[in-house]
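Colleague: These protein sequences, in sequence, are chains A and B.
Per our numbering, the very first residue in the first sequence carries number 1; after that it's consecutive.
Per our numbering, the very first residue in the second sequence carries number 1; after that it's consecutive.
What the hints contain is simulated information worked out from the structure, not anything from laboratory work.
Take these hints with a grain of salt, some might be off.
Okay, derived cross-link-like pairs now, DSS-like style, lysine-lysine, Cα gap no bigger than 27 angstroms in a straight line [what the hints assert, rightly or not]:
#, chain 1, residue 1, chain 2, residue 2
1, A, Lys551, A, Lys626
2, A, Lys342, B, Lys337
3, B, Lys72, B, Lys136
4, A, Lys270, B, Lys180
5, A, Lys274, B, Lys176
6, A, Lys641, A, Lys626
7, A, Lys1012, A, Lys947
8, A, Lys225, A, Lys193
9, A, Lys947, A, Lys825
10, A, Lys668, A, Lys825
11, B, Lys2, A, Lys509
12, B, Lys278, A, Lys341
13, A, Lys342, B, Lys280
14, A, Lys133, A, Lys79
15, A, Lys1012, A, Lys985
16, B, Lys221, B, Lys250
17, B, Lys176, A, Lys133
18, B, Lys72, B, Lys176
19, A, Lys341, B, Lys2
20, A, Lys676, A, Lys806
21, B, Lys176, A, Lys270
22, A, Lys79, A, Lys930
23, A, Lys109, A, Lys342
24, A, Lys225, A, Lys342
25, B, Lys72, B, Lys94
26, B, Lys143, B, Lys72
27, B, Lys250, B, Lys278
28, B, Lys250, A, Lys225
29, A, Lys668, A, Lys641
Away from chain B, derived, C-beta distances all over 12 angstroms, residues of chain A [to be verified]:
#, residue
30, Glu121
31, Leu131
32, Phe148
33, Met156
34, Thr184
35, Leu256
36, Lys274
37, Asn337
38, Lys391
39, Asn459
40, Lys520
Bear in mind the structure is a predicted one, so any value in this text is a computation, not a measurement.
For glycine and all other residues, C-beta sits at the position ideal for the given N, C-alpha and C.
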Amino acid sequence: MPKRNDIRSVLIIGAGPIVIGQACEFDYSGTQAAKALMEEGVRVILANSNPATIMTDPQFAHRTYVEPLTVDILTKIIKRERPDAVLPTVGGQTALNLAVDLAKSGVLKQYNVEMIGANLEAIKCAEDRSLFKQAMVEIGLNVPRSGFANTFEKAMEVVDRVGLPCIIRPSFTLGGQGGGVANTREDFVEKAKWGLAQSPISEIMIEQSLLGWKEFELEVMRDRKDNVVIICSIENLDPMGVHTGDSITVAPAQTLTDREYQMMRDAALKIIRKIGVDTGGSNIQYAVNPANGELQIIEMNPRVSRSSALASKATGFPIARIAAKLSIGYTLDEITNDITKKTWAAFEPSIDYCVTKIPRFDFEKFPQAEALLSSQMKSVGEAMAIGRTFKESLQKALRSMETGIDGLAEVSTTPEELREKLKTSYPFRILGAAQAFRFGWSIEEVHALTFIDPWFLDNIKEIVEAEAALRAGGLPASADAMRAYKQMGFGDRRLAALCGVKESAVREKRLALGVRPVYKRIDTCAAEFEALTPYMYSTYEEECESEPTAKKKIMILGGGPNRIGQGIEFDYCCVHGVFALKEAGYETIMVNCNPETVSTDFDTADRLYFEPLTLEDVMEIVDKEKPVGVIVQFGGQTPLKLAGPLEKAGVPVIGTSPDAIDRAEDRKRFQEVVAKLGLRQPENGTATNKAEAAAICNRIGYPVVVRPSYVLGGRAMEIVYDEESLTRYMVNAVKVSHERPVLIDKFLNDSTEVDVDAIRDGRLTVVGGVMQHIEEAGIHSGDSACSLPPRDLPQKIIDEICIQTKKLADELNVIGLLNIQFAVKGNDVYVLEVNPRASRTVPFVAKATGVPLAKIAARVMAGETLADLDFISQKMPKHVSVKEAVFPFIKFSGVDVLLGPEMKSTGEVMGVDANFGSAFARATLGSGSKIPRGGRAFLSVTEYDRKAVVAVGRGLSELGFTLVATAGTGAALKDAGLAAEIVNKVKDGSPHIVEMMEAGNIALVVNTTFGKQAIKDSQSIRRTALNLNIPYTTTIAGAHSYIAAIRATGQGEMEVRSLQEYHAP
Amino acid sequence: MKAVLVLEDGRAFTGRSFGAAGEALGEVVFNTGLSGYQEILTDPSYTGQLVTMTYPLIGNYGVTPEDEESAKIQAAGFIVKEPSRIVSNFRAAKPLDQYMKEQNIVGIRDIDTRALTRHLRSRGAMRGIISTLADKVDALVAKARAHESMAGADLAKRVTCKAPYEFSEGLWELGKGFSKNIKPRFKVAAYDFGIKRNILRHLVERGCAVTVFPADTTAEKIAAFRPDGVFLSNGPGDPEAVTYAIDAVKAMLGKYPIFGICLGHQIMGLALGAKTFKLKFGHRGCNHPVMDVAAGRVVRITSQNHGFAVDGETLPADVEVTHYSLNDNTVEGMRHKTLPAFSVQYHPEASPGPHDSTVHFGQFTAMMAQHGGKA
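Chain A extracted, bound-state conformation (with noise of 0.2 angstroms):
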């Protein structure tokens, strides 16, 4: 069937901010299904609130609206755009839940848009437990025990009949959010408790919990012909209770018979069609009772999903773009499989080779969570390997982490000790289970333990069996020996350790030897057709098939997996980094392991290599491929370790040099720097020990900021106020070491930190955009709200600002990307750090100015001037744009909701507008909290801010709130003459502040707080704000942004613009 005429137009629903659970494999879905309906002549309408994604460039789409993910905003963009279509199946739980609500209230009808890809009857069906389990019966496949209840009295009913240990899932939450197993009944209060609030609807469901049961998924695709075909099967490692984003997963399946999997498949296939899910992709995920083989359906996710990314990524087939195309109508047989190009998308693929996956996790930041896995996901990025065997993948994929792992790393701990550890489900259990092995256990044992198949067990084993004969033969000696050990994944660096020497010996040995990897490459079809597209992965067989050319090609070098930190910014400067040398000329190669990204899609860039970012690994690729040119600087810290070593080993690493990257990263060198140019900078001091660290503090005075070097997000960054909290930093937080100093800085109290990118040519630096932090200095840049043009800085200042951006870009011989952070006090204007690579707000100013930096830097990179791409100076925009942070605190529970130097947001949303308080509204709205209208705002400040917190209290009774405070703090109200109703502390008893949030009677809360007990004392405040989605700031300075947003939005209705009228010359 071809492409139906009457689908013109389709808009887009993105996912909005970076989320536990809905991370950039929804930008790579997005960006995908733009690209496809683009192709196919559709005009494409495209809502995303988050810059950072590749799919909100101008280019993919013919409207792009930056702007909050509500059902009001869409309501006007449909209003305005009029679609005929949306597609809500490639945007996350997000896309799906938002749709549902534009189809309930009536709007889709209202406008005549039609829901493609999954209809609201389908998305019900699928996304409700009852109807789903109903359903399921009906085909006849069996479902988990369970019942639903949404109140707490029918929850307990309900496990008694389910029994323990049980799982609570909320219901329409994403990612599994408040979901949970109770093992005894207190257990289960606390989390039925829990789920009921998590869910909109106030719904539980609770599940007989299948402890032991095998986890597989499906990824299906039907189109319009009902033509069916599954697309990869995943077997995951860890078994059920762990959420599949955060376990171990591997594709194909391994321990099922074809039997077993054709049970799978058909049960796939009645699902898909009882669901009702019309044309694309979905998700199945199955429990397998390992002892017989009883097969129970656990969910459907009736979109493209984390899974169907990876599925795409490990098979070679698109999952988004085709789902894209089924939505407007083409069937399977009609469209080109882009990899063979010659065969169909009516098949299913074939691979030879293993893939898995293994998450990324960030507990380390969240001290006060357990670092215990469930069915709640908390796992903050993935890498992918892919191997010839299990055992290379595994390995290929533990040395992607960047955990400082290398392979099967050994873990320090007893028998006893392990014992009860491997009982529970932890980040990197594979770790403790090949421990279990050197302690000589069974497989039979450690599978009792964990319930991990025994086919993954032993391959395990195989590993650390081939360990102990290398700790006690050393480096083979022969090429046969040593190509054995490669192609069962071992790095250079893990050889090296296990033999005692250093990784160069390895290297060399293996050069003498011979014995290089050969790139096989990814085609669907496990090598039945030719593949026409170079995706490629490596191991150590015969054969190569990865037949470089010999055009003029520039490397770029992705940033492995995301964690907090480093997401979705560094991939969308890659991604640019491509795009623009692809249109200078040049092949470019991507080199990456991180399934999620737009960069790892293999049309991205001309040549792929899904690898890990290793020395190892890198060189051998820059060794086939022979590049011109190797960009480090778009990837973020990842890459960035790399430069050296890669240039000391004769690479042509092109942009700023990485000794220059070297001058800014390193303290005492980059205090010259800044002596040289006579510049100022916080006083500060490099501390290799405790005595060094005091004695710097004492001369410089407290309050300082404290942190490891070369880190990113600010790991284990804090502000230390007194000598004892000092000491205990240096005691247990970081691991100092002469190569590893800490670096002290005097925290400047009361100032603004300042943002700036910038690129220079080898000449000539542009400032791409300035940008003001909301909260003050102390707060860490990547989870500080911040304002393009500079809310309120005088013009005197930013000039001063861009004048020394130019003098260090000059002094360090900046080739590229430069990303500089100022404070300001008073008239002082002091350099934080600098950073010569692409830094987190590139995406955001792009958008902002309209100039795409990234693209601009890569051509920078290759040679070009700024003069030949016409950017020869900063780009003011017209209007306000606001870039706020989103955090990850409700994943955790017992979290604390504070901002400190350490970063903790995974995402960010961008809002556009005139003024600032518009923008800041748009920004607020679109991270998913509200801009109240009136009502009682909550005062409870630090003793250090009560003169502050007058002009809040003003500025809030002005527009008409009424003004709730603690004591202290409504003394100060008081005095100034504004009236506030005094409540209680929790600690004071009751009635206090928290009861009175949980009876719906405060609107918004302002909460600064400072000190270790006043800070414990004041947590359920914040907590209670988080849980009930009440607009909370803990700064002054976002308290006066909310005041600006209040004010604005209280001035009319809200209207949508694209970017691409914003930035229409």
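Starting from the known structure of chain A, arrange chain B on it as the hints suggest.
Modeller: For chain B alone, kept in the frame of chain A given last:
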């Protein structure tokens, strides 16, 4: 123990021994299925072939008598990247390696099976030898070249049953095993050119009392049996060489409903007057898309295993193509416009593979019902 695989064009792969030691000769072919190695090994259509699985990790779930498609391993040899050290499945009866050793099937492991597949894809399926005895490539090439060629080989007569027998087992279900005591409605004569058990099970499940006949059974003998329908099975080798069966089918066309699968389809094509030809490297796997023209142009994902195909250009006017391969447009199914005869090139019985096409067994019984069966 070292093992080598040498192809008739001189390409050699060195690996390690797997299964039995010794030498095995045959046509080297690849199968792209991700699961189902035991069904593949025991499928008589692989007679005379050295089979390589493109999926590198084989043997993970062991073997079980339930999954055998015939009484023994039929493939001449097995080529894999990495066999599993252990088996992990509740149904596993024994490891694959042991199963092969017990049946004296030679295998080779640890070779670059993707390179081998690419070689076969570009040069075509060819003869080869696996040897754990010698590694002189020249001598092995000579042996491979001296081996019989697949083109022109009548292998059906080697694998067919010696005497007629009845089959009464139905389909398998998890936790229940094979169904029994299904009430028969039709009397079916099944020609065994190398028949797979799951075909028989499907026929039984649909109410057929099945008697399996040797490949060279004449039309007269079948007539004496008085069947409601005749089934032509899959099997190995070149269909043109099975002249006796072609003759028998010619004689039976129009007399009973006839349904053919795979080699049976090719034999029917030849009986109808069409020609067959050898494909470059064949279709072997569980992911082959077939356009079902008859059902309104919908796509079926099919299990396939064939090295020969019916030439669509040579089909007489009274035969229509009902299915064709979406990958290379070759004929995958046909039916006679007036006579009760149809056939498919792929495997609706799956085993291994998807169950998208089991409908054909129902078509066969419906045809028998229409033609006077006791439905």
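Colleague: Look at each hint and say if it fits the structure.
Modeller: Structure-based check of all given hints:
1. Lys551/A x Lys626/A: Between lysine 551/A and lysine 626/A the Cα gap is close to 10 angstroms, so the pair holds against 27 angstroms.
2. Lys342/A x Lys337/B: violated (32 angstroms)
3. Lys72/B x Lys136/B: The given pair, whose Cα atoms are some 31 angstroms apart, is violated under the 27 angstroms limit.
4. Lys270/A x Lys180/B: holds (26 angstroms)
5. Lys274/A x Lys176/B: Satisfied, since the Cα-Cα distance of roughly 26 angstroms is no more than 27 angstroms.
6. Lys641/A x Lys626/A: holds (20 angstroms)
7. Lys1012/A x Lys947/A: Given that 27 angstroms is the threshold and the Cα spacing comes to 22 angstroms, the pair holds.
8. Lys225/A x Lys193/A: violated (45 angstroms)
9. Lys947/A x Lys825/A: Status holds; Cα separation ~18 angstroms.
10. Lys668/A x Lys825/A: holds (24 angstroms)
11. Lys2/B x Lys509/A: Given that 27 angstroms is the threshold and the Cα spacing comes to 25 angstroms, the pair holds.
12. Lys278/B x Lys341/A: holds (24 angstroms)
13. Lys342/A x Lys280/B: Satisfied, since the Cα-Cα distance of roughly 17 angstroms is no more than 27 angstroms.
14. Lys133/A x Lys79/A: violated (37 angstroms)
15. Lys1012/A x Lys985/A: The given pair, whose Cα atoms are some 16 angstroms apart, holds under the 27 angstroms limit.
16. Lys221/B x Lys250/B: The hint holds at about 14 angstroms.
17. Lys176/B x Lys133/A: holds (24 angstroms)
18. Lys72/B x Lys176/B: Measuring from Cα to Cα gives roughly 23 angstroms; hence the hint holds.
19. Lys341/A x Lys2/B: Given pair lysine 341/A, lysine 2/B is violated - Cα atoms ~40 angstroms apart, limit 27 angstroms.
20. Lys676/A x Lys806/A: Given that 27 angstroms is the threshold and the Cα spacing comes to 14 angstroms, the pair holds.
21. Lys176/B x Lys270/A: holds (21 angstroms)
22. Lys79/A x Lys930/A: Holds, at about 23 angstroms.
23. Lys109/A x Lys342/A: Violated, because 41 angstroms separates the two Cα atoms, which is more than 27 angstroms.
24. Lys225/A x Lys342/A: holds (22 angstroms)
25. Lys72/B x Lys94/B: holds (14 angstroms)
26. Lys143/B x Lys72/B: With Cα atoms ~26 angstroms apart, lysine 143/B and lysine 72/B stay inside 27 angstroms; holds.
27. Lys250/B x Lys278/B: Roughly 22 angstroms separates the two Cα atoms, so the pair holds.
28. Lys250/B x Lys225/A: Not satisfied, since the Cα-Cα distance of roughly 37 angstroms exceeds 27 angstroms.
29. Lys668/A x Lys641/A: holds (18 angstroms)
30. Glu121: holds (23 angstroms)
31. Leu131: holds (26 angstroms)
32. Phe148: holds (29 angstroms)
33. Met156: Per Cβ check, methionine 156/A is outside 12 angstroms of chain B; nearest 34 angstroms; holds.
34. Thr184: holds (31 angstroms)
35. Leu256: Violated, because the least Cβ-Cβ distance between leucine 256/A and chain B comes to about 6 angstroms, which does not exceed 12 angstroms.
36. Lys274: Holds: least Cβ distance 17 angstroms, greater than 12 angstroms.
37. Asn337: Contrary to the label, asparagine 337/A does not stay out of reach of chain B, its closest Cβ about 10 angstroms off (not over 12 angstroms).
38. Lys391: Given a closest Cβ separation of 9 angstroms, the condition is violated.
39. Asn459: Non-interface label fails for asparagine 459/A: nearest chain B Cβ at 8 angstroms, not farther than 12 angstroms.
40. Lys520: violated (6 angstroms)
Consistency with the previously given hints fails for numbers 2, 3, 8, 14, 19, 23, 28, 35, 37, 38, 39, 40, ordered from lowest to highest.
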